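Since the structure of chain P is already known, use the hints to place chain D on it.
Chains as they are written, first to last, in this note's numbering: chain P, 1 to 240; chain D, 1 to 324.
The hints are simulated quantities; they were obtained by calculation from the structure and are not laboratory data.
Only a predicted model underlies this, so the values are computations on that prediction, with no experimental measurement involved.
Hints should not be assumed to be uniformly reliable.
Unchecked claim - Listed next, the stretches of chain D that the computed footprint assigns to chain P, with coverage defined by at least 3 CB atoms under 8 angstroms from CB atoms of chain P:
#1 193 to 199
#2 249 to 258
What the hints assert, rightly or not - Among chain P residues calculated to face chain D with C-beta under 10 angstroms, some are:
#3 A75
#4 N89
#5 G103
#6 S148
Unchecked claim - Derived DEER-like restraints, expressed as beta-carbon distance ranges:
#7 P/S44 / D/R6: 47 to 55 angstroms
#8 P/T138 / D/E188: 48 to 56 angstroms
#9 P/E15 / D/R304: 26 to 34 angstroms
#10 P/R108 / D/Y111: 28 to 36 angstroms
#11 D/K200 / P/D112: 20 to 28 angstroms
Don't be surprised by glycine CBs; every beta carbon is placed ideally from N, CA and C.
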Amino acid sequence: MASLELEHIAAGYVEGIDILSDISVRVAPGSITGVIGPNGAGKSTLLRTIFGFLHPRRGRVTLDGQEIHSLAPYAIKRLGISYVPQGANIFPQLTVEENLQLGAWVIRHDRDRVSARLENAYEAFPRLRERRRRRATTLSGGEAKMLSLAKELVTEPQLLLVDEPSAGLAPRIVEQVYARLLAVREQGVTILLVDQNINKAVAVSDYLYMIERGEVRREGTRREFADQLREIVRDSLLGA
Amino acid sequence: MSPLARRIGWALAAYAALAGLPLVVSDYHTHVFIISLYYVILAASWNLLAGYAGQFSLAHHTFAGVGAYTSALLCLYARVPILVGIAAGVVVAGIVGYGLGTLCLRMRAIYLALATWAFAESVRLLIAVEYPITRGDLGLKTGFLFGTPHPTPYYYLFLGLTLASLLAIWQLVHSRVGAYLRAIRDDEEAAAVMGLDTFKWKRVAFVVSAAFAAVAGGFQGHYIGLLSPTPMKFNEMAIIIIMVIAGGFRTFSGPVLGAVFIELLSEELRAWGEVRMVLFAILVLVVARAYPAGLVGFCRAAGRRLTRSMPGLAPILTPQRRED
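Chain P with its partners taken away, still in its complex shape (with noise of 0.2 angstroms):
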């Protein structure tokens, strides 16, 4: 189980203009660890920091001891780092199938492994199975997302980055794309999840983070943050 750690990290896309300035997280392994915050906060700039996108100004990114954060997405996912952003983030013109072993990638040389994967994303996700022959830009935004997810899953990451899961989607969906998180935390999956949705953060989540315009404003359990929920909405909605 992977354990990620985050030391005063600050990262921006424009030079001189910090998106995140002084960010410490910690993700125990084997938890769902939340991140919330209003808009703007920092919260998807936080993944993509850590995912390799960006690289930080200052502070360091660690993988059970390991310094990562000047290494490229491609080295980071072969460290077992899965990210699923925000949106769909799949190949609308190949077919379900193809998508799957495109997210297969890394592990492309073990077929069996690959065919293993793929049957255990269709047993996760029977709906991607009675489409696995469909391009996905015939898919539901709630099988898309389904598919987006089922897709970093077949190379059984170590840590899974997952950016506003429940983004646009039918509360019916978002309640199954939940229970996967659950049950993937429950195979030894560390998760750090960044979420405008609170309450549905709060309930899955072992520990939270608060983020807004940068740095860490609140941090605690599940049960810290339950307790505080009305004064957690309040600030995230009206910045603290």
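Below, chain D without anything else, positioned relative to chain P:
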């Protein structure tokens, strides 16, 4: 029979079918077909880079020039055999492509186009001003590969080269590497998320397409017998783009049809001079706006229409094929 063996069989059949052309047309028309084949290689290899990998380079014609000049200069100054010179030209173009790709391929869209265009103009100007070595705009004489300017042997050579290049590009596009390139083109970030080293594969496409251009340029240089920086002007790149767009961007056969069609049309309209470029530009605008599928799309639509009226022709007119 394996799919590759079947495709080689088709290529050999095409070679046999087209081999009789010089026997029934004039030397001038044979020459025009040779130039068409030269452009087929350039258009198909640029389509590999821009159409399949999504990297819009404006320096493709320059790699043909790099291949041609490298070979010509090595033959002239180092007295190497022509085939060794051409091989060296391909290697040099590949190395230059690797370097240019390393510098430019982290740029996106218009920035990549501008950077590659600036590189292309720099190379052209360098060749033009270094006339003590390259003879600049005066032109650099090259040896004829077959010792004669007569087009017939070159036609057979270019026909073989073109079919071999198309076969290689087909294999590449329909391999796992082709899937990577299309994934990068469709969504580079999603490709990176699945663990692809997107920069590496874009650079592979850049080097491979540069090598194909250098092959075409090297052999063409030793057919024409004279090199000058003029074909390295932007007009040449524009012609390649026009051929691909008119034929069908992002399709395999589009650049083939487009290159032959535009080159033949260009020869027919030779008396119009530079006005041809205006006509071609209008053609591209019309195709891009009204019929993006290009000549390939037109042929397919005609095939479907004919199939509906004559169902017996269906197996011939609409075979199952992987075109994308």
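Inset, instruction - Could you work out which earlier hints the structure fails to respect and list their numbers in ascending sequence? - result: Structure breaks hints 2, 8 and 9.
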